[in-house]
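Engineer: Note that the protein sequences, when read in sequence, are chains A and B.
Going by the numbering used here, 244 is the number at position 244 of the first sequence; the sequence numbering is gapless.
Going by the numbering used here, 343 is the number at position 343 of the second sequence; the sequence numbering is gapless.
FYI, nobody ran anything at the bench for these hints, they're computed from the structure.
Every value quoted in this text rests on a predicted model; they were computed, and no experiment measured them.
Note that beta-carbon positions come from the ideal geometry of N, C-alpha and C, so glycine has one too.
Hints should not be assumed to be uniformly reliable.
[Unchecked claim] To give an idea of the chain B side of the interface with chain A (calculated C-beta under 10 Å), a few residues:
| # | residue |
| --- | --- |
| 1 | 57 |
| 2 | 58 |
| 3 | 69 |
| 4 | 71 |
| 5 | 72 |
| 6 | 109 |
| 7 | 190 |
| 8 | 223 |
| 9 | 341 |
[Stated by the list, open to error] Subject to a maximum C-alpha distance of 20 Å in a straight line, what follows is the list of computed SDA-like cross-link-like pairs (lysine to any residue):
| # | chain 1 | residue 1 | chain 2 | residue 2 |
| --- | --- | --- | --- | --- |
| 10 | B | 231 | A | 57 |
| 11 | B | 252 | A | 119 |
| 12 | B | 176 | A | 143 |
| 13 | B | 231 | A | 128 |
| 14 | B | 205 | A | 53 |
| 15 | A | 120 | B | 173 |
| 16 | B | 95 | A | 26 |
| 17 | B | 209 | A | 57 |
| 18 | B | 231 | A | 53 |
| 19 | B | 159 | A | 119 |
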Amino acid sequence: MRGRDTSLLWSFGFLAAAFSIAPLVAFSFSAFAGMGKADASKTLPLLLALVSPSTLSALRFSLVQAALSTVLALLVGFPGAFFVARYDFRGRRFFMALAAVPFCLPAILVILSFILYYGKNGYFSLILARLGYGSKGEGLLYSIWGLVFVHAFYNFPIVIQNVGSVWAKMSRSREEAARTLGAGKFRSFAAGTLPYLLPSILQSASLIFLFCFFSFTIVLVFGGLAGSTLEVGIYRAIRFTNDRPKALALALLQTAIALLVVGAFAHFDRKNADASKDFGNPPPRHRPRSFSLLAIGAYSVLIAVFFLGPLFALTAEAFTVRYSLAGESRFGLENFARLLTGPAPLLLRAAGSSLSLSGLAALAAVILGFSVAASSHNGARRGQTAKAFGFRVSMNSWITALPLALSPAVISAGWSALMDSSGELLIVIGQMAIAWPFVARSLSAAFSSLDRKRNEAARTLGASPLQAMIRVDAALIAPSVASAAAFAFSITMGDANIPLILGGGKRETLPLLLYRLTSSYRFSEACAVGIVLALFTSVAFFLKERTHETP
Amino acid sequence: MRKTHFRRCGASRKSRGVFLSAAAILLAAVSILATSCQQAETKNLTIWTYDSFVSEWGPGAGLAKLYEQKTGIKIDFVSKGDGGALLSAILAGGKNIDADLVIGLDNNLASQATASGLFSAAKLPNLGKIDSKLLIDNKNRLIPYDYGNFAFIWDSQSKITPPASLEDLTKPEYSKKIILMDPRTSTPGLGFLAWTQAVYKDGWKDYWKRLAPSILVMTPGWDTGYGLFTKGEAPLVLSYSTSPAYHKAYEKTERYKALVFAEGHSAQIELAGILTSSRHKKDAEKFLDFLVSEEAQALLPETQWMYPANVSTPLPDSFSVVPKNIVTLKASVVDPVNDPEAAATILADGAR
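Just chain B, with the same shape it has in the complex (with noise of 0.2 Å):
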């Protein structure tokens, strides 16, 4: 039996090697995988976006194989999930960000961003060409690049009568026809809830009381409600004045319209801004201005589905059934922390 004992050390320093080796071969395709993705040259700039920006179908390779070719300065897109991610991300990093510029906030995130103090002001050429009334910013720390209206979006197919205003929806005749999205958790839910409150000032909680019974299905996000009024699921969605411009380009369809509501709209403003802790502030500076001249511009239609900030840029034939008779209300949620819930609760119980 005694023989055994050299073999059972033996067999020891094996099975040990056995997991030895299997961490070895896990750490290896780690370290590859974390070797893979640093970028060692530094004349490129570093943007932080949301993902639908970099996708296949947003502008974001486009923008950057035209820079580059203008230019010669390389983009590195770093996506950092969705809008809101984008901005915890930011205030999280604070000024030891490793980018020189963010793309991807907008008119509801942009007081937290400007307060942290991580955005520096931009001088740029192109400025006059924005709308004036996209000009958030008064120190131009955060730049317009894109815009749309809150519409509620009409499936022309369906037999109800489209409404023509806010108040319209809270009819017996709609009950049940509406999916809204979330003023918690998402964007255009919290520009209805700035709409209403644009519109109904001190009565808006007596509004979404009396809206209540219309409302079918209230989604976390823009995607899922969207996705549900084009299965069919309700004739009148929220959405953006342009969302039939999508139908019009894709699926030569006019099915689907946009209607204009007489109170006017609230709008979603999309902003660029430059880090602080940027340290190639004079490219990011130029790379701003190019992306709200009106050759980046026009990219920006097709693949964001929003008006384009700059007024002189031409639109694509898509956006032809876009309604332009669309008033923009100046519109912010009063509080933002307290109101979304104090609506999604009026809601809760309406529905109940």
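Only chain A is shown next, with the shape it has when bound in the complex (with noise of 0.2 Å):
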């Protein structure tokens, strides 16, 4: 029964980890077999094209740009994971929810939005010139800075999150302790603080310096022409030139570095995990006062200024009705009309198809997540050594960072090599293979989070493992995983890869929509479709409440 138990759960494990290397397979099987029996004279070019002067360099800007992006990151969102750990104060759950934002926002939305605002005729850029401050900066938006500055404000919310959460568990006793023995704040913040927060501030920043290494279309529109990235080259290889094994090379060689990276991810998520667990019942968290409430209404303006103003005005374009004769425009309702008649209503179609595609995708994802997650705590409870519950977890942690460390561009051509008719159905699988591993990590952090002695107890009275699982576990993990969908429902509904690369088959659904209109001229109807698909993925934003999930 016990070794049942466990090789389902086990097989689980093993079927996600095929999921993310599956389409990678694929892929390498379809770039090598056109290749026949030439097989060894096509070996050097492909060792060759992994050294050539261009490779390097894109590797290089690759490492740079992904480096300062993080580091920025981390600078903007650390005091917001300050203020939501250590303060009670209105807005503390939507800075926490922010996080989805990186999740969810298709990259052409997060272009036009920061376009919107920051761009020469933006928002931002007019009320500068109002002030007086005109036409600094000219054409900074696109060099390095204006890349790293894109990156930095889209991905800082996930330090709020990850770095916030821990923080707020964690007791101040130790930082107190300092304090009595004469430390100052700042050493006693060094001493007492720092070391138990590192793993989540490291681990927050290998995500995001990941997230940043593969960004394609936001590192090509702001970084275009301070450099290049590994992604380009993999991109332009599989669709300009067909060259598969320069694509497959590159693409090995930018896992490869992911990779390590994704092993630091690993490291710093288990050794949060454990930091997380002595922690105790978290310190009660004050309402702010004279000086903390100016810092958090300081930062709030810094936040809404240069991370929500994008977002209003993507916003407010899909409500602006343009005459561009004589450049004037109102507010109106008319983009959102265009698509909802006509010949077919385009929104609603591409809404429901949006919706039923993403919700098997999130289903499937949950499932399999879950099954994932459950697979690598049970085992604790059977009494296994601590030096084998660690090597679970830490499977675990690799296995659910694994996909954060391909190439989109060869996943998404490895699918459909893999599976070559009925879209639709691959576009769930591919999207699955997206979001699980969200889902697995998060429910992970639920479960071991979960009070054992509730379990344990439901033993001693004679239940099995499998049942004080359902049983109490599950209750107590329910809300876990219906936020855990949620999540995984924004995830997949934002997802714009899967669908632009594999063609949506015969349902179009908003990710589509969108960039068909944008490649029809119709920017201000695509921002409607935007919002539209902003208000389905901000689902997330109320239904993603716990604070124990880590993304």
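Using the hints, build the complex out of the two chains.
Structural biologist: Shown next, in the form of structure tokens:
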């Protein structure tokens, strides 16, 4: 019985790992399939492709921009993490929920919103010009600094969420002890808090680094002239020169480096999990007073101006009707109306197919993610040694982090090589493969924070491990499952890569509609679709309130 | 305590049941989806194409409707992503592609497509009506159905004087005034590279070096670049000479003007072809002939925003704003594997 449970659960782990590796393997086969007998002669160009100067400069640029973006995101996010950890204030939950943004907003919307806000005719620039600071920093947005800025302001909520939630649970006794021993504010923080916070900081950093390392469209638009990334090389090799061996070589190089980061991520992730175990009861949060209230206010203004501003600009654009004849524009619903009327109500249809495809993908992701999370936490209850348990947890960290280390372009091409027909099924599977690791991550965090005594009590009373799990743990964990499901839904809803590269089959999803609008000169209508898309993805904003989950 | 033993088994089965039923629901849903998209009839023609061709503003639906009215044959369009993805899908599918025709390759992808041996020659009665300079495949495996000249679009409400040649673009007055597309990832970018190579021959790298300070941003695709342009980020953008027709038709404005350059322009020629794997070659040939007939071609200008390949097709009013005096150059990228990378690197170095 016990053995069967274990093997059942373990097989989910392997299944999950297979889902991340299968497309890579399929892509490798397709890369070598065309070679036939001339394999040996092709190996050399494959290796040469790795060391060409353009590859090396792309690698350098990928690393530099990702590192700079990560540092800035940490700097922006850290104060936020402090505030949500220590204080109870209006908008606290909103700050935490912002973490859904980087996962759910398609890159093209990010680009559009930043242009609408920071662009030459954007709101921010217009306000600056009003204040007499016009035409400073012309073209700055389209340099490496613009790129780093966009990346940082896209990803910093991850820091607030991850670091903030650990910090909130941390007992203040160590820091207070240091204070009593006469240490200053800074020293007591450095000695009593920072070391325990470090794993979560580094975990967020490695996650953001990976996102920026693989970022493609944003890099090309905002950093297009500053340099090129490996992902650009892969994309071009697949799409334009159809040089799959080269794409594979670049992808392997990219993955090798990303795996180092994933290794760090998995390591800190586990440390983070270990560290947060010993915190005991979370200290109470205070209402902010005088100075801290001022600081929170200033920080909120900063976030509103730099981060919410672009999102606001996007919303405004969706409701703007333009008559470019005289550059005139006014508020109106025509952008939506055009999409809802006509021979086919495009927006409704696309929303329908997006809902059904993402719903299925999210459901599948929750089932797989839940099984993987459960498999790695069930072991400890059977009196496994700490070492074996640690191994399981670290395996779990690796399996769930692995998909982050694979090139999106290669993965998409791999899926299409794997299954040639039935576009819808392919999209569901592809999106499920994107979403499940996040489900598994947040559920393992939930599992590890479960009160094990209740489970043990049920076991002593004769319940089987599975019975205890379902009856006791499942009841406790249900809210986390619901919020993980909402999160998975948002991710699959916002994902544009998979349907873009595979084609939507016969169903047009919202991201596809958005891209088709932009390639048909209809940018305002694209923003309208973007708003609808954002509304759906923001389901996560409302449902994602549990603080113990880490994306 | 022992009595719980029974319940334990029961609950265990129950819990596994939860898993199983969830899996069953998922399987059922997936299989419904999978079957709903399988086509059973064989009389239809299946055409692989790219996204915007079948989108609501593309010509796909109109063409299919017209053809079904005429012949009773249904057209099934299958979108394979963008143009590059379309070719990848064809090459990956090889001889087993379950489709009859492909619409949406272009002159940049033509040599790879014909070299694959996956396209068969077509004999079309309407072939004589196609502008002969568009016929780039002498075996007629790939048939042109529309084309457009690459051109820079100028925002006439900006305060700059419009440039009149490629060389003008390098002047200091156009510093950071141009939005270009990446030649590594976009068709217009590649077309511009071919354009500069046709005009400057071996000196194209020097030209790109001189051009670099004028470029504000190089976007991955046309849509992002043109979007930045209409949002006023720069007064000049690389696009098609036909772009002003869109603004004329839908926004009733002539603010955006296509510039005619003295050296001539390169072009994008869009191509369609019959797959050797087609089981309805005769029907496919008929459809292809229909595609280049005046009736079908008349649908293309205001959906594709390109010129029809058939020279006797009347043009809509909106095309009155498209300059007529453009000289089309014979242009193709000399080394499609290395030149785009070299060009992009020159721009990046120059911008630093």
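Engineer: Give a verdict on every hint.
Structural biologist: The hints, checked one at a time:
A cut of 10 Å between beta carbons decides the hint on residue 57 of chain B: the least distance to chain A is about 5 Å, and the hint holds. Nearest Cβ of chain A to the Cβ of residue 58 of chain B: about 8 Å, under the 10 Å cut. The hint holds. Using the Cβ-Cβ criterion of 10 Å, the hint placing residue 69 of chain B at the interface with chain A is not satisfied: the shortest such distance is roughly 16 Å. Checking residue 71 of chain B against chain A: minimum C-beta separation of about 22 Å lies over 10 Å; hint violated.
A least Cβ separation of about 21 Å between residue 72 of chain B and chain A goes past the 10 Å threshold, and the interface hint is therefore violated. At about 8 Å, the closest approach between the beta carbon of residue 109 of chain B and any beta carbon in chain A falls short of 10 Å, and the interface hint on this residue holds. Taken as an interface hint, residue 190 of chain B checks out: its beta carbon lies about 8 Å from the nearest beta carbon of chain A, inside 10 Å. Satisfaction of the interface hint for residue 223 of chain B is found here, the shortest Cβ-Cβ separation to chain A being roughly 4 Å, below the 10 Å cut-off.
Nearest Cβ of chain A to the Cβ of residue 341 of chain B: about 5 Å, under the 10 Å cut. The hint holds. For the proposed pair residue 231 of chain B and residue 57 of chain A, the alpha carbon gap of about 32 Å is over 20 Å, so the pair is violated. Between the alpha carbons of residue 252 of chain B and residue 119 of chain A the distance comes to roughly 25 Å, so the proposed pair goes past 20 Å and is violated. Annotation: proposed proximity of residue 176 of chain B to residue 143 of chain A holds, straight-line Cα distance about 12 Å (limit 20 Å).
Simply put, residue 231 of chain B and residue 128 of chain A have alpha-carbon atoms about 18 Å apart, close enough for the 20 Å limit, and the pair holds. About 18 Å separates the Cα atoms of residue 205 of chain B and residue 53 of chain A, which keeps this hinted pair within 20 Å; it holds. At most 20 Å may separate the alpha-carbon atoms for a hinted pair to count; residue 120 of chain A and residue 173 of chain B meet this at roughly 18 Å. For a cut-off of 20 Å, the pair hint linking residue 95 of chain B to residue 26 of chain A stands: about 19 Å separates their Cα positions.
Between the alpha carbons of residue 209 of chain B and residue 57 of chain A the distance comes to roughly 19 Å, so the proposed pair stays at or under 20 Å and holds. Taken as a hint, the residue 231 of chain B and residue 53 of chain A pair is broken in the structure, with Cα atoms around 36 Å apart against an allowance of 20 Å. For the suggested pair residue 159 of chain B and residue 119 of chain A, the alpha carbons sit about 18 Å apart, so the restraint of at most 20 Å is met.
Violation of the numbered hints given earlier is confined to hints 3, 4, 5, 10, 11, 18; the remaining hints are satisfied by the structure.
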